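Work the whole structure out from these sequences, hints included.
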Amino acid sequence: MECSIGNTFRCSSDTLRFGPRQQCSRLNPNPSSFLSFNSSPILAQNLGASSSSVSRRTIRAKAKMAASEGSINGSNRMLVFVPPHPLIKHWISVLRNDQTPCPIFRNAIAELGRLLMYEAAREWLPTVVGEIMSPMGPASVEFIDPREPIAVVPILRAGLALAEHASSVLPANKIYHLGVSRDEKTLLPSVYLNKLPDEFPKNSRVFLVDPVLATGGTIMAAMDLLKERGLSVQQIKVICAIAAPPALSKLNEKFPGLHVYAGIIDPEVNEKGYIIPGLGDAGDRSFGTETHWEK
Numbered sequence: 001m002e003c004s005i006g007n008t009f010r011c012s013s014d015t016l017r018f019g020p021r022q023q024c025s026r027l028n029p030n031p032s033s034f035l036s037f038n039s040s041p042i043l044a045q046n047l048g049a050s051s052s053s054v055s056r057r058t059i060r061a062k063a064k065m066a067a068s069e070g071s072i073n074g075s076n077r078m079l080v081f082v083p084p085h086p087l088i089k090h091w092i093s094v095l096r097n098d099q100t101p102c103p104i105f106r107n108a109i110a111e112l113g114r115l116l117m118y119e120a121a122r123e124w125l126p127t128v129v130g131e132i133m134s135p136m137g138p139a140s141v142e143f144i145d146p147r148e149p150i151a152v153v154p155i156l157r158a159g160l161a162l163a164e165h166a167s168s169v170l171p172a173n174k175i176y177h178l179g180v181s182r183d184e185k186t187l188l189p190s191v192y193l194n195k196l197p198d199e200f201p202k203n204s205r206v207f208l209v210d211p212v213l214a215t216g217g218t219i220m221a222a223m224d225l226l227k228e229r230g231l232s233v234q235q236i237k238v239i240c241a242i243a244a245p246p247a248l249s250k251l252n253e254k255f256p257g258l259h260v261y262a263g264i265i266d267p268e269v270n271e272k273g274y275i276i277p278g279l280g281d282a283g284d285r286s287f288g289t290e291t292h293w294e295k
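Quick note, in UniProt numbering, the sequence shown goes up one by one and the last residue is 295.
Source of the hints: derived by calculation from the structure; they are not laboratory data.
Note that the structure is predicted; figures quoted are calculated from it, not measured.
Possibly wrong hints are sitting among the right ones.
[Said to hold, decoys possible] DSSO-like mimics (lysine-lysine), calculated; alpha carbons at most 27 Å apart, straight line: (1) 174 x 202; (2) 250 x 89; (3) 227 x 254; (4) 227 x 195; (5) 185 x 89; (6) 254 x 202; (7) 195 x 250; (8) 174 x 227; (9) 254 x 195; (10) 185 x 250; (11) 202 x 185; (12) 174 x 195; (13) 227 x 250; (14) 185 x 272; (15) 254 x 272; (16) 272 x 250.
[To be verified] What follows is a set of in silico ranges between Cβ atoms, one per label pair, in the way DEER data are often shown: (17) 277 x 257: 28 to 36 Å; (18) 193 x 98: 27 to 35 Å; (19) 227 x 172: 23 to 31 Å; (20) 228 x 147: 45 to 53 Å.
For glycine and all other residues, C-beta sits at the position ideal for the given N, C-alpha and C.
Dropping the structure here:
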């Protein structure tokens, strides 16, 4: 993976090569870097860089750095967080490799999901304070508030793999499965399984998990279902391994204020609806089934 920072931010995937270790100014010790979406098309640029025209293949969005999410929770713009963590970069690289076997691919996407949910939970989950007795005496403690429901909604199939370690990160969470398939010709979504409650409990916090945001049809359909069941955009966080501008533009237009956590953002989607360079069909590669993208 090669990255360059100039007036625009570009990443390109190539054969694995190792060179001198370099520091990238975009990746600083702050917890998250994020892209702030104002409108479509999206412009990605470095802090302090002037706007410039870029090609259709270049992601367009204003880029900032956030010391904490708390300072931006009130924003009415969609924010896409790409946490600058070396482990996230590692697992994305494993997922991209077309030689990665199914068991390792599934483990990699599960580990990536754990890291992204950890980052998404930062300053978002409510806590309660109290005092307990440790072996050495009284201690002040802080727990996740059990009165505030936490839910995970994986979109089948691949969402199951990305959300596999959710219970190891999020205490006392519930899992609601949502099955959405995409017509290979029209690229339109259809819901074939809906285990969502008729209405989510008040003050719920929901992690909507979909590994690949490409054309945006599936994630838009899922967001509509969550909104119909009483959730506001501020109660939902989207977790994905990889995203592309078409899906992000649609989300930004219809759901301002939404927060999306992605392992990486790629520049384009091909005519078959797959992200380029992407990682292929996450469901097929997670579960060892037919590779549709090779047809």
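(message) Hints numbered earlier in the text: which of these fail when held up against the supplied structure?
(response) Hints 5, 11, 20 not satisfied by this model.
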